[in-house]
Amino acid sequence: MSTPNGLNGSAAPDAAAPVTRAALFGQLLGTLPDTLLGTRRDTLRDTLRGALLDTPLAPTHDPSRDDPLRDPAVRDLAWLLLSPDLLRPQSPIGALANPFETPSQLQATTAWLRALDAAPESLHLDLEATRITRLGRYAERLLGWFLQYGPAAQLVAAGVPLRRAGVTLGECDFLVSTREGARLHWELAVKCYLHAGEARESSAGRLADYVGPNLKDRFDIKLAHLLNHQLPLSAREEFASAGYPGPWTAQMFVKGWLFYRHGDTPADPVELDPAHGRGWWVTRSDWPAFAAAHARTWRALPRLEWLAPRRVALDEQGASRGKNKDESKDSDMAEGAPYVDAPTLAAQTSPQRGPVMVAAFIEDGAGHLIERSRGFIVPDDWPEHARHYATQ
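Position 347 (the sequence shown) corresponds to 347 in full-length UniProt numbering; numbering is contiguous.
Where hints are given, some of them may not hold.
[Unchecked claim] Pairwise CB distance ranges, derived in the manner of DEER restraints:
1) 228 to 344: 25 to 31 Å
2) 344 to 245: 40 to 46 Å
3) 338 to 237: 51 to 57 Å
4) 268 to 181: 32 to 38 Å
5) 204 to 163: 27 to 33 Å
Keep in mind that the hints were calculated from the coordinates and are not lab data.
Every residue, glycine too, gets a C-beta built ideally from N, C-alpha and C.
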C-alpha cells in the first residue's frame, strides 16, 4: 500500500542488537519513573520509548541523542503504539493486541514515526476531515492511520457493524491482517480511571475501585463489556454474512492512565498490568500544598491531550508566563490553555466543573517545557461520591 508523503511501509531488517519497545517509547516520548509506571517492563518495548517521547522522567535522559518527536498528533500515535497496556491478558478470550510481531517491525515503525513527524500534514488533514470531540474517537483515527499506512499490521476494515434483522448488535473496531498471515479482530479502548478504594497495600485490589472522573464509568464494567460483548462479535454467525468470514482472533487494545490519590499505595488488582501508566489525584483543599511541593508550571489538559506526555517549545518570553507555541504550527490538537502557576490554575478551574486533569511541567534546558507528571484536581466531596459509586 502506498503511503502519504512518501512514508515507507516496508519493514527494516532485524537489527543485530534487539531494541525493546519501552526504550523506543523513551526515545520518542520519554519514559516515566518506576514510581509512576510500576515495576514490570515489556522487554520488547522498553529500549526505544525514551528517544521518541523524551521527558525528564526518563532515568537515562541524554540531551545528545536523537531529537524526540515534536508533532502532538504523532506523539499521541507513538504513545498509543508503545505505551504499556492497562491490563494483563484475560483468560480465556481476552488476549492483548500487539502492533508488532517482530523487532524489525518495531524498529521500522520507529523510523516511520520519525518520517511522519517530519511531514505530518497528511495525518493532520485526516484528523481535521471530521470534527473530533471524544478521546476514544481520536485514538481510533490515530490507530486506523497506522494500520493503513504503517510498516506492521495492515487494516482490513474499521468500524464494521454487526446486524441481525435490521438491529445493530455491535460494531467491531478493527479487522487486521498481519504480515505473518494472522487475521485479527481488535477492540480499542483508551481509558482514564481514578482509584477510589482502600489505600492499604494489604487490601485486595478490586477493578471496581477504578472509576471515571465523572462517575459514569467503571473499569470492571468496561472489562466485562469487552469480554462478554465486544470481543465475541467476530465469532458470531452473522459476522460471516457481513462479508468478513473468519476465523478471526479477537484481541484487546486497552491503553490509558490510572490515577491514585497522592500518598496512597493500594494493591493492584490481578487484572492490571503492573507497568500501567500512573498519575495522581488530589482534592481542591489539598491542591495548594501538593502543587507547591511538585512544580512551578502547570496546565489544564483538554480531553484530546490525555494521551502522550506533553512537550512544547518555549517562546522568548517563556511559556510559564502563559505564552507558548506548539511544536507543530499546523496542528490544531492543542486548545491554547496557558501554562501558569498553581494558584492561577486553581482559580481557572471551578469546583462546579468537576475533576480536571492537569500536568506539571519543567524546563529541559534546551528550550522546551516537558511534562513531569499528570493528575486530577477533584472537588472536596468527590472521594465520598466515588467510593459509593465503586460499591454499587
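Item to check | Structure versus earlier hints, numbers of those that do not hold, lowest first | outcome: 1, 2, 5
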